[in-house]
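Each chain sits in its own coordinate frame; assemble them with the hints.
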Amino acid sequence: MRSPAFFLVSFAVGLVVFVLARMLDNDYLFFAGYTVLQYIVLATGWNILGGYTGYVNFGSAAFFALGAYSTVVLHKAFPMPIPVLMLVGGIVSGLVGFGMGYLTLRLRGAFFSIATLALAVVLQTLIVNWDFVGGSRGAYIIRPHHLEIFDYEIGYIQYLFFTMMVLAVLSLTVARMVERSRLGYGFATIRDDEVAAEACGVPTLKLKLIATTLCGALMGMAGAPFPYYIGYLQPSSAFGLEYAVNAIAMPMIGGATSWVGPLIGAVLLGTLQQVATVTISSAVNLLIVGLLLTGFVIIAPNGILGLFHKYFRGKTDFVGRRRIDRIGP
Amino acid sequence: MSALLNVAGVGKQFGGFIALEGIDLTVAQGERVGLIGPNGSGKSTLVNCICGTLHNEKGTVHFNGQTVDGLAAHERTHRGIARSFQLPRPFVTMSVADNLRVPLLYTVHTRSGRHLTVEEADARCHELADLVGLGDKCNKSPKDLTQIEMRKLELARAMATDPKLLIADESMAGLSDSEVGEIVNMLIKLNESGITIIMIEHIMRAVMSFSQRLVVLDSGKKIADGKPDEVIRNPEVERAYLGQ
Ligand SMILES: Nc1ncnc2c1ncn2[C@@H]1O[C@H](COP(=O)(O)OP(=O)(O)O)[C@@H](O)[C@H]1O
Ligand SMILES: [Mg+2]
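Those sequence lines, one after another, are chains R and W. Counting in the numbering used here, the first sequence runs from 52 upward without gaps. Counting in the numbering used here, the second sequence runs from 276 upward without gaps.
In case anyone wonders, no lab produced these hints; they're calculated from the structure. Using N, Cα and C, we set each Cβ at its ideal position, and we do this for glycine too. Just to be clear, a hint being listed does not mean it is correct.
Stated by the list, open to error - Derived lysine to any residue pairs resembling SDA-like cross-links, with alpha carbons at most 20 Å apart:
hint, chain 1, residue 1, chain 2, residue 2
1, W, Lys-415, R, Tyr-362
2, W, Lys-418, R, Asp-244
3, W, Lys-415, W, Ala-398
4, W, Lys-415, R, Asp-243
5, W, Lys-464, W, Met-483
Said to hold, decoys possible - A short list of chain W residues far from chain R (calculated; beta carbon distances all over 12 Å):
hint, residue
6, Phe-289
7, Gly-290
8, Phe-292
9, Pro-313
10, Gly-334
11, Ser-359
12, Lys-496
The following block holds chain W by itself, in its conformation from the complex (with noise of 0.2 Å):
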């Protein structure tokens, strides 16, 4: 199988301090991936790193065959890389609907090379909307949002781009049993329709049941990549959990 993401040998500094180092992950084409590691282990700045967010000065990063490199976080959108943001950051002077109408203006027509119509772009974000829930809120600011609903509706901002990789970010903190029980089918049903999907995420639940693969990140580094139930019995892994 081909591999739709290939980053290898990625490291990223602030100052003086190594956010990451070394870092290599292929992820094949429909896979799915759960991305886990203690807080602060790494896991947001190598989604930054990927989408462009951030430049790695080291490493590079492939996607669908092409290097990535130097392209700037919107043009990477426009290759097909999605992300949800770990800290909500909605537009919050537009609509929710709205908030999710700028992808279909900036991203999916350029791909498809054809303009959405007023309607359908219309149709689509309400669509997108009921998928995570938030259909009865079309109209509100994201300030009246819950917590909880605005990492729905960065998911649903996210899936608005038409992805070929999604990466969400802990979009799961905070719901409740049902709720990660719903957003984790319909991310694997999303899967299922040929999206790739990357996972962070600290419900160990959700993490099991969704993903395919395990990669686990500690201090900056991998430290493990393989079957879920095999990489959580891993010695090192455990260490890193328990030493938190």
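One chain only, chain R, in its complex shape (with noise of 0.2 Å):
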């Protein structure tokens, strides 16, 4: 399937699931369906830095974060509709995300992880160090009640929810789009291995750096419109643990050499602790999560597509049967 016949499936599938939402005219929902939405372009942006180039990408909360402050800024400045923040969270993040990959190039493994970690802290002591932005008090956003469009009115969570499926969709396309293409191979080869893969040709700088500034931006991007989800942004919420460690584990647990991963590891594990918070307590879901992904890492190393792999097409060994679209430029 071409990309744009992707994106118009995957984008009917969403409205799809859109349109029930609102027939069962549950608020509750939306919000827990908008950090599910949210949870799948976390885990997809993670995956084209960490599952296609081998990059464990330990700062994810930095950039999400970054793109939710972008929104703050703008909106003590001029406020604009939610798409226009997205897109400005976005190139905040992208921007970051490539400035970091310019800085740590040369760190391999556990050293670039590491160095992630370490910018997530420097950023977040800027943001609370920061008054304009509320500092560690935090910024109140006042989420408007609802949303008119040609006279009819829609209520802002079911708006902020339809936006950030849109974003889903988008992200999804846009990994499946890199993975089949020759952007695809040439992360792959650095996944395995660096130095064959300059002896191929391959440009590893030039390619680390885009992998960095998509993983960045579509993480921007995803963190954009969550002040006017959450009303009132504090540091320790927008940088929160939680960011980082579920945009890990929900690649790994799905299966980070395919697009589809991400997306069974958000939908799993972002139902998963939508529920535990209903019935439990939200206290428990770094927990299930922990536990998870240990299990996983031990148990099934390729995640959901690699048991799906073994069991269902008797594949020994998980080498993903690579597929070119097209060679494109």
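Shown next, in the form of structure tokens:
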């Protein structure tokens, strides 16, 4: 399937979910669904860097938070519609992703991961000390009750859900496109062996920069509507540990070699955490994720996708048969 | 005849250990050169300096009339320098055919200015695999290959870049006599099609039947360079090998 067709089909699926949720007419569904959608974007963004090129990013929360704080800044200066805020958040976090890539290009393995963690700490410290965005006290963003589109009233949370749904579809389309392109091959060679990749003519530094930028941009876009969702944004919630942990756990549990993995992981883990929050307490969420991640890393290192390939296609070894749609530019 | 490769005064150190010192080496367009020397004499290090995998502190490398000093490895590959790794480094999450596809995607089109179509690339992958006798392994994972097959994959992947200069770093270790003969014949055929080749090898039968010129390294220095049968009778070369 070509990318535009894939986008349309995914969008149609998203639309059906949206319409069904509207028929149930329960705002809680939208609140919970928004979080799951947001995790689809975060997990997909993480996976472009972590799954495709093998560079494990521990600083996802920072990119997410930068997107959110871009919105806070804009909200104070000149409020803009959510899609524009997403774009701005994406640009800001994309630039920071590019910068991070540039500074850490020569670090490999654990050293890269530690650097991303350090970046998150530095950025959080900066935000905590920046009074304009509320510093450690946080910032209030009044969420409008509803939005009017051509005399048609739609609850604001439904609107947020809808925009996040479009972003999720867009992220999946981008990830799938990258995966099946020349770029995706290049990313995979970086994951497998950078020295051999260079010898084959792959410009590894350039590709790593593309990956860190894409990863940052998607996460920033996911974070941009967050202040409107939460209403009161504090550094500790924007830089929350749950974002960094989930962004890693979801692709790992779903399967990191394909765009499907983060989707499966985000839907499963995201829903599970929403259910746990309601039935038990949100405090157990990270415990659940941590235990599941540990279990998967030990038993099924290639995630649910790996298990699927093993049991249904009889492959003992998970070597993705790569598909290339087009050897484009 | 014009020189394709010109290595002048190349020196490389690892910490305090001098791995290469004052290496001069000229390879003419179309030549077949054998590079020998005891283990640890610096052959692979020299290859790494020529290909940009390592950067030499001293000396310069010219290729095709231009300096390649300071160029990244992938840029040198784009210019036409290809190499196989002594210890195979396959892309383990990709099939054999996909391993061969990488240079086609990232080097061949860069030089020809045109992308291969998906079908053309597919056909070329299979052609290359056939050439080294991996035709029936195209959809296998490199993890399922024997060490010997991985060496063949290394060689095929280097050939896939359509190089002007091919450096084969001990591609034949462990191969049977008939396989060594096949690979040597293949390399000679490749050379006849216009590709300059440097072969690093311990199997003297292969080196002697392949090389038009023989270069010998010992402890990071070049100790001989000339006609193969003269070089192997050189007392210094004999000493280097006997002392091993
Ligand atoms: N990356 C490295 N770091 C430190 N020492 C190295 C490195 N690569 C090679 N050496 C040393 O340099 C010397 C030459 O190695 P090498 O070029 O691999 O020899 P050859 O290929 O002729 O067997 C050896 O003593 C080896 O231990
Ligand atoms: Mg060697």
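Comparing the hints with the structure gives:
{"no.": "1", "hint": "W:Lys-415 <-> R:Tyr-362", "verdict": "holds, 18 Å"}
{"no.": "2", "hint": "W:Lys-418 <-> R:Asp-244", "verdict": "holds, 14 Å"}
{"no.": "3", "hint": "W:Lys-415 <-> W:Ala-398", "verdict": "holds, 17 Å"}
{"no.": "4", "hint": "W:Lys-415 <-> R:Asp-243", "verdict": "holds, 16 Å"}
{"no.": "5", "hint": "W:Lys-464 <-> W:Met-483", "verdict": "holds, 16 Å"}
{"no.": "6", "hint": "Phe-289", "verdict": "holds, 16 Å"}
{"no.": "7", "hint": "Gly-290", "verdict": "holds, 19 Å"}
{"no.": "8", "hint": "Phe-292", "verdict": "holds, 21 Å"}
{"no.": "9", "hint": "Pro-313", "verdict": "holds, 25 Å"}
{"no.": "10", "hint": "Gly-334", "verdict": "holds, 21 Å"}
{"no.": "11", "hint": "Ser-359", "verdict": "violated, 9 Å"}
{"no.": "12", "hint": "Lys-496", "verdict": "holds, 26 Å"}
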